[in-house]
Structure formats: C-alpha cells, structure tokens
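Student: So the protein lines, in turn, are chains A and B. Under the numbering used here, think of the first position of the first sequence as 1, with each following residue one higher. Under the numbering used here, think of the first position of the second sequence as 262, with each following residue one higher.
Calculated from the structure, these hints are not laboratory results. Since the structure is predicted, the reported quantities are computational estimates derived from the model, not experimental observations. Among these hints, one or two may not hold up.
[To be verified] To give an idea of the interface, some chain A residues facing chain B are shown, with a C-beta separation under 7 Å as derived from the structure:
#, residue
1, Pro13
2, Ser14
3, Thr19
4, Val22
5, Leu26
6, Leu42
7, Glu64
8, Phe67
9, Ile223
From the three backbone atoms N, C-alpha and C, an ideal C-beta is built for every residue, glycine too.
Residue-level listing of the chains:
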Amino acid sequence: MAHQAHPYHMVDPSPWPLTGAVAALLMTSGLAIWFHFHSTILMLLGTVLLVLTICQWWRDVVREGTFQGHHTPPAQKGLRYGMILFITSEVLFFAGFFWAFYHSSLAPTPELGGFWPPAGITPLDPFEVPLLNTAVLLASGVTVTWAHHSIMEGDRKQAIHSLTLTILLGGYFTFLQALEYYEAPFTIADGVYGATFFVATGFHGLHVIIGSTFLAVCLHRQIRHHFTSTHHFGFEAAAWYWHFVDVVWLFLYISIYWWGS
Amino acid sequence: MYRHVFALQQVARRTITSSARRERNRVPEKQKLFQEDNGLPVHLKGGATDALLYRATMGLTVFGENQSLLSLPLTS
Numbered sequence: 001m002a003h004q005a006h007p008y009h010m011v012d013p014s015p016w017p018l019t020g021a022v023a024a025l026l027m028t029s030g031l032a033i034w035f036h037f038h039s040t041i042l043m044l045l046g047t048v049l050l051v052l053t054i055c056q057w058w059r060d061v062v063r064e065g066t067f068q069g070h071h072t073p074p075a076q077k078g079l080r081y082g083m084i085l086f087i088t089s090e091v092l093f094f095a096g097f098f099w100a101f102y103h104s105s106l107a108p109t110p111e112l113g114g115f116w117p118p119a120g121i122t123p124l125d126p127f128e129v130p131l132l133n134t135a136v137l138l139a140s141g142v143t144v145t146w147a148h149h150s151i152m153e154g155d156r157k158q159a160i161h162s163l164t165l166t167i168l169l170g171g172y173f174t175f176l177q178a179l180e181y182y183e184a185p186f187t188i189a190d191g192v193y194g195a196t197f198f199v200a201t202g203f204h205g206l207h208v209i210i211g212s213t214f215l216a217v218c219l220h221r222q223i224r225h226h227f228t229s230t231h232h233f234g235f236e237a238a239a240w241y242w243h244f245v246d247v248v249w250l251f252l253y254i255s256i257y258w259w260g261s
Numbered sequence: 262m263y264r265h266v267f268a269l270q271q272v273a274r275r276t277i278t279s280s281a282r283r284e285r286n287r288v289p290e291k292q293k294l295f296q297e298d299n300g301l302p303v304h305l306k307g308g309a310t311d312a313l314l315y316r317a318t319m320g321l322t323v324f325g326e327n328q329s330l331l332s333l334p335l336t337s
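Input sequences plus hints: build the corresponding full structure.
Tutor: Set out below in structure tokens:
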C-alpha cells in the first residue's frame, strides 16, 4: 500500500459536491416554480437532496478524521482557517441586515412619521422576553466553555452534561423566540420596521437552529468517544459558531430591540 | 411539588448519563473498518447501507436534474 510523504489530506473522489450542487439548483429553480406555478415538488426535492448531501458529506469528514487519521496538525490548521473564513462570511451576511436597519432607522422618512419606531408600530418591550433570551444565550456561552474545558480535562461526564445543557438552552431560546413571533403585534409586512425586524431576527433564529444541530452532533460524537482531550476540532468549530450566534444576538438586542424601541 | 420536579430531574439526568456512560469505545473497531485496504472510497467504505444511501441520493439527483430541465421551457 502506497504511503504519502506529506501531512496533507488528499481526499477520495466524492459524489457529494455534485449532489449538493444539484440540490442548490433544485431549491432555487423550485422556489421560482413555486412562485409562478404554485407547485412545491421541485423545491421539496431539492431540500431532501440537500439534507442527504449534508449528512453523507459530513459523515465522510468524520470518517476521514476520526477513523482514518487524515486530520494531521497541518490538515487541522486548514480546517481552522476554513471555519474562521466561513464565520467571517456570515458576519458580513448579517452586516448587510444591520446596514439596512440603520439606514432606515437613523433617518426615518416622512412616510414613517419622521420618527422611529414608525407610526403605528408597537415595539416589543426589550426588558421582557428579549432580555430573558439574552440571559439564555449568555448562559449557553458559559456552558459551552464548560464543555470545552471538560473535554480538554478528559472529564467525560461533565462534558456530556454541559454540552447537553448548552443544547437545551439553545432549544429554550428557539421556543421563546417562536412564542414572541406568534404574539408580536406587527408582522414582516408592516413596512420597513417589520421587514428589518423579522429578516434580521429570522436569519439569527435559523443560525441558532443550525448551531444547536451542530452541537447535538458533537454531543453524539462525544458520547461515542470520538473526541480526545487534545484533538476535538469538530467541537471547537461548533463552539466558535455558537459564540458567533451569541454575539449576533447581542448586536440585535442592543440595536433593534433596545435602541430601536 | 418542587421535590417531585427535583426527583424527576435526577432520574432523567441519571438515565441519560448512565446510558451515555455504558457506551463503550467502539472507535478502534471503526478505525479498523475504515482503514481496511479494500480500495473502497470513504463514502462507500462503511458497508451495504452506504451503497443504498448513495444510490438513493444519486437517483434523486438525476431525477431532479431532469425535472428541472423539463420545467425550463415553462419559464420562458
């Protein structure tokens, strides 16, 4: 069997980039077909294909790293750069929505009444559920750090406990936010206030769900002894993502919920 | 009432962590399986289920691609 004389990861040929690309095509063209022809089949097919691609692709990454040993220190460095670049792109994604919010709220037009919140809008009280949500996410930042230290110290039981608690807190945030969405006296169609509020907080909520899922996968892997005290990058990436989600919320809370009320 | 909540919490925690604790380390077995010199690519190396999932995914891919192309004339 030939052995490589370098520490980099030369991946096996994989079908998942192709299936992922087709999934993206189906989801986008499916969206257009839904808008114009009221048929959702193409879009749903695309979503199913996306989920299948995601599960099998990342399953393979776990196999390559944990079972085949391909994630050498230089390879791991590349993975770290990759995750940092991805999170940076997400920061810029949210920056756009904050730009939109500040563009409209710093100079409210006469159509809005010349003030912010606009005429007719009853904003949510920032010191009720939104403040609780802030506490929940800050606490989850503490528990995920606890989980990291537990993993580094080889404390299996505490790692499982603290990681579970982190996921539960994420679930609690999502539940509370869903209730807020249901009870809110304004909708996404209520002018620029509604649009900026629900698009910014909506994408944030989606990222909370994604982050919670990533952490749940890490919990599954921790239970199955995938992580060692010195090698657990999958968890670190999930923790970085989780802190990013927390920081975005803090900006949302200060800007839209508090200053914007 | 709070005693009952606390007791339930303890039972739930012990159930989750005891089942997690009982989980023995199967990583060495997985390492042996995925390092076997059989020429299989990583996405098929896990066994028969891999091939099934791959075929289903590729089938949906081809079918979906066809459907997308067929719906293109509709959009003009």
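Student: Now tell me if each hint is right for this structure.
Tutor: Checked hints:
1. Pro13: At about 6 Å, which falls below the 7 Å cut-off, the nearest Cβ of chain B leaves the hint on A/Pro13 intact, so it holds.
2. Ser14: holds, 6 Å
3. Thr19: holds, 5 Å
4. Val22: holds, 5 Å
5. Leu26: With a minimum Cβ separation of about 5 Å from chain B (threshold 7 Å), the hint on A/Leu26 holds.
6. Leu42: holds, 6 Å
7. Glu64: holds, 6 Å
8. Phe67: holds, 4 Å
9. Ile223: holds, 5 Å
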